[in-house]
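Got two chains here, separate frames each, mind docking them using the hints?
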Amino acid sequence: NAGVMQNPRHLVRRRGQEARLRCSPMKGHSHVYWYRQLPEEGLKFMVYLQKENIIDESGMPKERFSAEFPKEGPSILRIQQVVRGDSAAYFCASSPPEKSYGYTFGSGTRLTVV
Amino acid sequence: AQSVTQLDSQVPVFEEAPVELRCNYSSSVSVYLFWYVQYPNQGLQLLLKYLSGSTLVKGINGFEAEFNKSQTSFHLRKPSVHISDTAEYFCAVSEGQAGTALIFGKGTTLSVSS
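Line by line, the protein sequences give chains A and B.
For the first sequence, the positions run 5 to 118 when our numbering is used.
For the second sequence, the positions run -4 to 109 when our numbering is used.
These are computed hints drawn from the structure, not numbers from a lab.
Be aware that one or more of the hints could be misleading.
[To be verified] Calculated cross-link-like contacts (lysine to any residue; reagent style SDA-like; alpha-carbon spacing at most 20 Å):
| id | chain 1 | residue 1 | chain 2 | residue 2 |
| --- | --- | --- | --- | --- |
| 1 | A | Lys48 | B | Pro7 |
| 2 | A | Lys48 | B | Lys101 |
| 3 | A | Lys31 | A | Lys48 |
| 4 | A | Lys55 | B | Thr95 |
| 5 | B | Lys44 | A | Pro101 |
| 6 | B | Lys44 | B | Gly57 |
If you're wondering where the values come from, they're calculated on a predicted model, not measured in any experiment.
Isolated chain B (complex conformation) (with noise of 0.2 Å):
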């Protein structure tokens, strides 16, 4: 069965720092990857995804994650993040066709500070 690990609930940061959100996800067969952001009482909102191709996924925001299938992960980057990225990040896969639900994670809270 498909799962996915965000290994921190909490990253604290200042702000212009770099920051790094890690998802491993476990799955036996070909999957979709995804990242979305959740401000404070708001829905998701789709920052990327990798469906296949380069494994550099590039999505809105400055964000981009890298797709690792050996060590099957997704972790999430931005090289210098604003006040304004303080929310939570969830990471999300599916397997096959489209209409196949999303197994989310848990979720990452990312706090910027100044």
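Looking at chain A on its own, in the form it has when it is part of the complex (with noise of 0.2 Å):
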């Protein structure tokens, strides 16, 4: 039973450019949480979705940054026209659709911008 598949655990790209972040839930789980992680800082929750559904996105840049959760296939973070400040660690993490409480991680994306 895989975890949660993130995909490309590294991610360089220049200033202007866009990144696309893959993450494949649990099998089972059909909720999807994306959070960035900053260098000494904690995780900050961006966005929650559900198949074809934006849950709540109160965490997400108002601009330049978006996601989606397709009915097939993994749910999608872009950032577009990335700039320095993006350097990140992104974690994807799913859970279930019946009540349960805690979440099952991926290994991240670490996102360098030069």
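Listed below in structure tokens is the structure:
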């Protein structure tokens, strides 16, 4: 039973390019959450999605960031026109649809903007 | 608004010594509390969680935590640490139903030396 799969593990982008981060939740999990971890900081919530729906995007920056979780395929976190301040580790977590607490996290994607 | 404070950013200890990592939270409603561990360049692994019931919660790897509602604390303890416990530890809180985002503390780096 594979865990939460994130790819790529490491991503280097030049300023102004686009970054696409992918997350495949655990089998049977239909809830996906994205978090960002800046150096010396804890994880900050970005967005919560269910299949084809954004449930809570209160933590997403207003510009350049978007997320989706299509009916088929992984969840995608997209960052357009990246800037140096976007350099961080981005973690995805998933949980099943029934009531439960706590989430299974992926190993993260470490984005470096040069 | 919820917040989580991890009072110590770094905790150095010797092998086989006891350790306590402190966590305080602020919330006006009932909360659910979690401790996660992050090894270098890996994702977060759930150590233990408090949802309801007994205030003493036992987790993996010999860790336990005690929920203290009056002091709004959820300190993590281990009676005897190993070198392999060296990692970053995060306390997190959520309110309400499943799907509510986790709010994380900034983390405590536990360094165990021989």
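Checked hints:
1. A:Lys48 / B:Pro7: At roughly 26 Å apart (the allowed maximum being 20 Å), B:Pro7 and A:Lys48 break the hint.
2. A:Lys48 / B:Lys101: Cα-Cα ~10 Å, so holds.
3. A:Lys31 / A:Lys48: Roughly 25 Å separates the two Cα atoms, so the pair is violated.
4. A:Lys55 / B:Thr95: Holds: A:Lys55 and B:Thr95 sit about 16 Å apart, inside 20 Å.
5. B:Lys44 / A:Pro101: 19 Å, holds
6. B:Lys44 / B:Gly57: 14 Å, holds
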